[in-house]
Structures are given as C-alpha cells and as structure tokens.
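In order, the protein sequences belong to chains Z and L.
Count the first sequence with my numbering and you get residues 54 to 453, in order.
Count the second sequence with my numbering and you get residues 54 to 453, in order.
Hints are computed from structural coordinates only; laboratory data are not their basis.
Please read all numbers here as calculations on a predicted model, not as lab measurements.
A portion of the hints provided could be inaccurate.
Note: identical chains are not told apart, hence a pair may lie in one copy or across any two.
Below, simulated DSSO-like cross-link-like pairs (lysine-lysine); rule was C-alpha separation at most 27 Å, straight line [stated by the list, open to error]:
#, residue 1, residue 2
1, Lys-105, Lys-340
2, Lys-450, Lys-58
3, Lys-135, Lys-340
4, Lys-105, Lys-284
5, Lys-105, Lys-147
6, Lys-303, Lys-412
7, Lys-444, Lys-147
8, Lys-105, Lys-450
2 protein chains.
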Amino acid sequence: MGKTKGNLAVGQSGGPTVVINSSLCGVIQEAISHDEVGEIYGMFRGIDGFLKEQFVDLRRQSPEVVEGLRHTPSAALGTARKRVEAKDQELILKILKARNIRYIAYIGGNDSADTSWKLHQLATQAGYELHVIAVPKTVDNDLCVTDHCPGYPSAARFVAMAVRDTGRDTEAMGPASPVKLVEVMGRNAGWLTAAAALARQEEGDAPHLVYVPERPVSIEQLVADVERCYKEREHVVVAISEGAQESAGKDLGEEYASKEIDAFGHRMKGGVSDFVATLLAGRLGLKVRIDKPNYLQRSLMACVSEVDLDEAYRVGREAVRQAVAGRLEGMVTLVREPGQPYHCAVGIASLEGIANQEKKLPANFMNAAGNWPTQAFLDYARPFVGALEPKYVRLAKYFV
Amino acid sequence: MGKTKGNLAVGQSGGPTVVINSSLCGVIQEAISHDEVGEIYGMFRGIDGFLKEQFVDLRRQSPEVVEGLRHTPSAALGTARKRVEAKDQELILKILKARNIRYIAYIGGNDSADTSWKLHQLATQAGYELHVIAVPKTVDNDLCVTDHCPGYPSAARFVAMAVRDTGRDTEAMGPASPVKLVEVMGRNAGWLTAAAALARQEEGDAPHLVYVPERPVSIEQLVADVERCYKEREHVVVAISEGAQESAGKDLGEEYASKEIDAFGHRMKGGVSDFVATLLAGRLGLKVRIDKPNYLQRSLMACVSEVDLDEAYRVGREAVRQAVAGRLEGMVTLVREPGQPYHCAVGIASLEGIANQEKKLPANFMNAAGNWPTQAFLDYARPFVGALEPKYVRLAKYFV
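Just chain Z, same shape as in the assembly (with noise of 0.2 Å):
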C-alpha cells in the first residue's frame, strides 16, 4: 500500500433508514478499491464513537458481510443524535491526527451535514488536510440541493402501500368504522405524508384527504373535509402527518396534547391522530381508527424500493471517490436526468447552502384546499418510489 495517503473513517448518523446500510456498502466497497485509503474505520454510534474512539475495523469484515449491508435494514454501525459542538473540537483534531484520518464519509440528514461542515472547518483552521463528504440519507427528505434523499423513497413506497391496504380494510368494514387516520413521520416536512397520494390508483381509492405541515387546516376545514368524503363513499381514509399545523406555527390539538397528565405525571405525548380521532367522532358521530404505523416507515425492508437501495448505494460510492479525488467538503447530490426513463445522476454540492437548511414541500406539489398533492408531486416521487404492482380489483357492482 505504497500509495496510501491516510485512512478512511464512516459513520451513520440520525435515524435509521431500510437503505442506509446500502450506502455504507458502497463507501466500504469503494474505499476498498483505493490504494490512497489505509484503514477504513467504522464509528460506533456515529460521531459519538468518533469521540470515544470507538472504531470497527471495516476492512477485517468478510466481503459476504459486506455485501449483505445492501439488504439489511437500519445502522449496521449504530447511531447517534449528538451534534458536535466547540467543545469536542481539539479532541476531535487529536483523534484525527493519531490516526492519520484524511477521509470521513459521514452518513445522515441536516444534523449530520452540519457535522460534516463542522469537521471541514475545524480541519480548515488547523491546517490539517481532510476530505469530508456527507452522504445524504432522511426519510424525512428534507435535506436541500439534492433531487431526493436516499431512505425517502422506500419510507414513501411503504407509506404508499400501507395507505392503499389499510384503505381496503376501511373499505370492507364499512359504515361501522368508517374513518381511518394514518399518521405519517417527517416532523416539520410533510413529502413522507404527501407520497400516501401514491397509493391512489383509480378514482375512490383510498387515500382521500392528505394534510401536511406546510399547510395548516382548520379544526373546521377538516371537520368538513371528512363529513364530505363520508357523504360520497361511507368511508374516509385521511393521511396525516405527524407535525400538521392548526396554523403557521401551531401544532394541530396542541392545547389538548400539553393539558392531558397521565397516570404517572407526565405530559401525555397524544400525537395529531389521537386529537383528531377524538375530534371527529365528537363531532361527526362516526368511529375513527387509527393507524401509526412509526418506526415501520422506516425500517419494513418488505417495502423496500429497488432505485432506492441502488441510489443509496451509489451515493455511498460516489462520497468516497469524491474525498479520494481531492475534494475537501461536499454532499453528494442526486441530480435528476431530463427525460425518460428515470434516472438521477450523483453529483456533488457544497456542504455550506445544505447545513441545517431545511427543504419544506413547496407550495406547487399541494393542491389549493391544502388537503391533497398535485400531479407535479406524484409526477415527481412515482419514478423513485416505484408501481405498485400487481393492480388490485374491485368486484363490479350488479346487484341481482
């Protein structure tokens, strides 16, 4: 390894994805292929085993390992929340330093493109040379620049299909239950709530009321929304996001959710379904379940979409040939290609304009009611997230 010019450490940060093992598949797989890259080092726990020193030796694992990260769902390496902050600085240039780390391919959303540039500049200061580039990874799809975020597609294509069969249960349950809420993750974002429109393949299907963050409703708009849909089908199926908004800033039920103390003295949590559940069986009369599908969203490699797990892994790929190259800061981007059939490109951007900026669904992906997504989003998402296939059926309806 006569050309070795330093080693590689990756890390996985944030919550977990279906694909994001994918991508450390490909920063092992490429590093692997480099003569500049010495040891390639796992964080454990992200940058939080940075800290501790708490290093996997990635290139000891078999390449049956290796390659098995591509279907293993979550963060092989563990993850962490920590963001850096002053204090960690010097340790963090100690670390660095001992053990000759010139590259760092730092997996993860906002918080961890903000680590990444953090490290850049600290590196910067110090005059130590350093390669660090982000690998984008958020159900959440938050993060700006790129065309999507790898573990948006699969959580979308989950919440897709989990709408499309949950509403035939609605459905076949009938006026005895006929309201179904499904609340989505993505906090402030509302693209994992918006890509429930997915599961729409012919006019009736479920969903039929879709509400984001970005686009506060009324307790009376909803009220209405729902008593209209019921009116014409006996059955609503309402995908909610977790983070929608009563209005700009406020939480849907926010004054509910804080007044409730349970048993033990603590704050009930509630969540927007429970509020509204409530709400409309008050004030419609009509039973309301609930599904919150959580952590599945983005864990069910069941739902896995095939072009998120091979973007996934490529971007892995790219952040490694990109630090080797010479760059010394980046996210690798997806950079969606004109024309048919999809493709999306990597590419790459600067750390500085991604940093804790936060891409809210913009304002032409949901119709003017607030209460479904456009053709521009579905005409966006569907490549990534894939058909759902095979079509269901209805039975004709001749009565006899």
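Could you slot chain L onto chain Z? The hints should help.
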C-alpha cells in the same frame, strides 16, 4: 344447466385479512365448475347484505377480476360483524326459498362459524335442504379443530418481519431510546403475538420478550424482565398482546385505562403499550418507543405468506366441493400431514364443535416464565409463515 340444483351465496365476515379474497376466488372458481350450481350470489357485507337482499352477481364478473382477487387484500364483498338473531330467522328462510339458495359458503372466524351453524339449524328445522360450509379465516388463529386459520400465516409473517426490522432500528439507536414495544392484535389469544418470536434469526435478535394473554404477567415481573434484558445488551424489544393480562381476567393497566377521560368526555382506550411505556419510563428511567401497527397486521400485502395465499384458495374451493357433494354443514379445516416437507391437506369438521369456541395458545407453546414461545411453537408456525430471507448481517465488532 339442466343439472342445476340451486343457487350459491358466498359471504365474507369479521375483520378482513390479506388472503380472504383468495378464499373468495376459490369459492367462485370452484362454483363455476359445477353444473349443480346456478347463480353465484355475493353477499354485500356478509349476513347483513343477505338480510337486505344485497347480492352481487359473481357470475358476471370478468375472469380477470375473479383471478385478481388472489392478490387483492381485504374483503372485496365488504364485511360485517352482525350475528344472526332469533328475529332474523323468518326473513332468512324466506330469502333462501325465494332465491332458491341451496349452497352457502361463509368465510370468517368464530362469529361466522356461529352464523353458519345457525343457518344450518334453521334450514333443518324448516325441512329446507341447505348446504352450509364455513371457510375459516382469522388472523387471531383461534378456531378449533383446524391446524391453523387462513389469514394467520400472513399476519404472523407481518408481525415477525415488523419486529425483526423495527428491532434493528432499536438496536441502532442504542441507549438513547433503548426500549421498543410492539403491540400486537389477537384479542384474547396470543397466537399472533407469539409469532413475533419468528423474527429471531440469531442469539440477541429481537424480540427479547413476548407477552401473551394466556400467560398473565405481573407488573413486577415485566419491569424485572425488561431491566434484565436491558442490562444484557442495552436495548430491549418487547412484543406484547393487545389483550395482555396482569392476572387472569385482569387486563394489564386496566385501572389506568379506565380512569382517564379525554377532552371530549370519552373514556381513553389507551392501549396496553401506552400503559407499559409509561410504566417502564417511570420505573427504569428508560426512553420507550411504541409501534402499534394496528390494521396493517391484517392488510399489508407486502408481507403475505405464499403458503397462506394457496391454503386460503384451497379452503375456498373445498367448501364448494363439500356443499355440492351433499355435506349439509361443516367448516373446512387444514389438516397437517406428518413429516417433511410441510403440507396441509383440506378436511371437514362439524360446526357444532367449532362455533363459539376459542382455541387459545396451548401451555406447551410458552416457556415457564411466560415471556417467550417454545421451540414447539416455532416448529408449528415457521413452515406456514415461511422463511424470512435473505438473512440480515451484522458487522463483526472488531474494535481498533
């Protein structure tokens, strides 16, 4: 159609499953093949539709739609939870005669077996020749006589996959949020919750604890179990039945659930996982996260068991064969053949010993501590749930 003996009515009842339409497909395709069968009526929303004479003409459906039922989850005819009452009897008999219905295939669980049994008794008393065959269906797996119930293998597969994958998520998050509760359906029976144990592929895999209603667990034991598992590996994944018991007949957290009144004056349902999460957070100071996949357990087609799809189809066909061959009443059963590879033949049993009976998880399917299913259970369930492939990997913990 010179040999026609009468018309057939088929209905779906109770909670839908991903394979109940596969049974419906079997009924229709078999019925079409018998000259004895005239019209094929689909009851719109089960016995409820029967009483309202809302029948869908199933002979007029295109063969593609009928075949498409095999991969369409939930109940295409709509379902009902209504039980037949004494006051309905006269009307039922009138409709049977007016429509010359001589064959009934009724797809459902315990309540549906009861309905089928009542229809049989009613017809017998009136001297009206009627062949009523129940087709088993329930994710709860609590019907007697049959080896297992169609619908259960797929729901069990969902639970196993969900626990496996959300378990990886919990493992990756580490001590920051180390406890995950997965609340599983099944009412008073622990069959579906026990299936969570199929998620474990190697030592240390989730789940780490499994609680079923048949084996009450004291609050003290539960806290001690979780604490012990946490000390072993810094994270704990618990599968817990929605009907988990503190002592025989007493739901876990019963007093808690019934005390709380929500903002609209309704009693809070709460659910066992909310109670247990608050309990563990309070007693152990650990962050607890909950997955409550609710209706996805019985509807998510992505987790279907191929064995289940096939068996559901075959029990549907067999119901019609039995009826046409002259059987007056019964439920189609799955009869496991000895030896390997796994195969279930179809059989038939009288409804008398099935209607309103409930098959609980037998004692030898749970360990002495009541917190983990035995090998006997795993051997019972694995063949029809199917292997979880490909096997996930873990990085070897070579620290450097």
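Now for the hints, and whether the structure bears them out:
Within a single copy, Lys-105 and Lys-340 get their C-alpha atoms only as close as 52 Å, which misses the 27 Å cut-off; across copies the closest is 23 Å, which meets it. In this assembly of identical chains, the alpha carbons of Lys-450 and Lys-58 lie at most 27 Å apart only when taken from different copies (25 Å versus 71 Å within one copy). For the identical chains of this complex, Lys-135 and Lys-340 are inter-copy neighbours only, at 16 Å across copies versus 42 Å inside a copy, given an alpha-carbon limit of 27 Å. Only between protomers do Lys-105 and Lys-284 lie at most 27 Å apart by alpha-carbon distance; the minimum there is 21 Å, versus 60 Å within a single protomer.
For a Cα distance limit of 27 Å, the shortest separation of Lys-105 from Lys-147 inside one copy, 12 Å, qualifies, whereas the shortest one across copies, 79 Å, does not. Proximity of Lys-303 to Lys-412 under the C-alpha cut-off of 27 Å is restricted to the intra-copy arrangement: shortest distance 19 Å within a copy versus 49 Å between copies. Taking the closest pair of Cα atoms, Lys-444 and Lys-147 never come within 27 Å of each other, the shortest separation being 57 Å inside a single copy and 39 Å across copies. For the identical chains of this complex, Lys-105 and Lys-450 are inter-copy neighbours only, at 15 Å across copies versus 65 Å inside a copy, given an alpha-carbon limit of 27 Å.
The structure fails to meet hint 7 from the earlier list, while all remaining hints are met.
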